[in-house]
Amino acid sequence: MNNNNTDIIDVQSINFDTTQPSTSQSRTSCECFRRRKLIWIILASIITVLIILGIIIPTIIVKTKKIQIEEMSTMETTTETTITITEKIATKKETAATTIETTTESITTTDQKTTAEKQLFSSIDNNIDIKWTQHGINIAGGYRPTSKLDGFNSPSSIYIDDDDQTMYIGDSGNSRIIAWEYGAKIGQIVAGGSEAEQTNQLNAINDVVLDKKNNAFIACDFQNRRVVKCSRQNLTDQQIIISNIRCTSLAMDNDGLLYVSDFEKGDVRRWKSGEKDGVIVAGGNGMGDKLDPLSFPSSVFVDQDHSVYVADGTSGTGRVTKWLKDAKVGTVVAYDGEESPTLYFEPAAVFVDHLDNIYVADSYYHRIIRSLNGSRKCDIIVGGNGKGNRSNQLSNPSDLSFDQYGNLYVVDKSNHRIQKFDIVVN
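The numbering of the sequence shown is this note's numbering, which starts it at 1 and goes up by one.
Keep in mind that the hints are not guaranteed to be accurate.
[Said to hold, decoys possible] Between beta-carbon pairs, the in silico distance windows are:
1) K272 - V424: 25 to 35 angstroms
2) T146 - K328: 40 to 50 angstroms
3) D150 - S243: 26 to 36 angstroms
4) Q134 - S375: 17 to 27 angstroms
5) G288 - D150: 35 to 45 angstroms
Derived from the structure by calculation, the hints contain no laboratory data.
Quantities reported herein were computed from a predicted structural model and do not represent experimental measurements.
Yeah, the Cβ is synthetic: ideal placement off N, Cα and C, and Gly gets one too.
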């Protein structure tokens, strides 16, 4: 029995011993598996990070380049725009009949126009010795009288609308007002067109102004002895605003008040809408060559201070007088002759610029003369080469005006044309 028990114990001992190596191997295998798993996780993480970096870095580079390109493009666009605007101002060219402005892209021209005007007037403000070309350009009409729309018959006056450079011309011989658009070859009738006394007709227009506030023309209807207002929207809509007057000239001040010269009464009156008599602002003391009367006033101009300039007299008594607001006596500010104001000088029109220089159309000597501010002596600026129809000659000039660039326009009455003289700023 002892032997049997011994055998049993030995077997059990053997069986127990055989299980120990198996457990040890299992533990070793688990540890290896864990290590491999950890290695794979680390490798996968590294690969994932590399992939992410591979995506992010090129994206950042592309975005950076795109931003740089956009910034460069913006800089280039700004530079091109600046150059284009500069070129627009610099490439203004004059031709025989019109002014052409060369542009390279559709940028608003309002700023360009304003800049060009500022540059011009800045030059004028710093240089009063302004000159004009001596050979004019025929921009409207011709050498013969005509009733067609490509010309005139003894034109008397001109008004230039600075908004669009349209000229409004009093065509006296044809009893009509002609609108001549900038660069056009023919004009359009905007009032009148036949000699008659009816309200919607005119007879011998001496002057015309544009009343922008009321969108109407105001005209001196000389032979009908009246001043009429003509609607710009309806050619037949005309009304008489002043009666029984030999109107020779019109002017309008900054307040919209109308100034009218009376050839027969020898005075200039200021009119408010609805007034029957008006207020005398120059003359009114009979006819004469003293400083309180006027002698056949032919033209009137009103400056921003409401001072009134009057051209009056005929050959031998011609002059321009200035009447301050509420003054009873005028002051001679322009005449032809260093010693005497009574040398042959027949002013048909007067214009005063922002420097108080006075310009006069002298119909007797067929020229435009100027009196610089502070000097009554006049100098010739265009014409004065005898009566004729050449480009440097005039024939009985009846009116003058300036556009916003300072170019001079002359109504060359007996040549039935409008002459333009380009400004030359030194």
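- Item | Unmet hints by their number, sorted upward, for this structure | As far as the earlier hints go, only 1 is violated by this structure.
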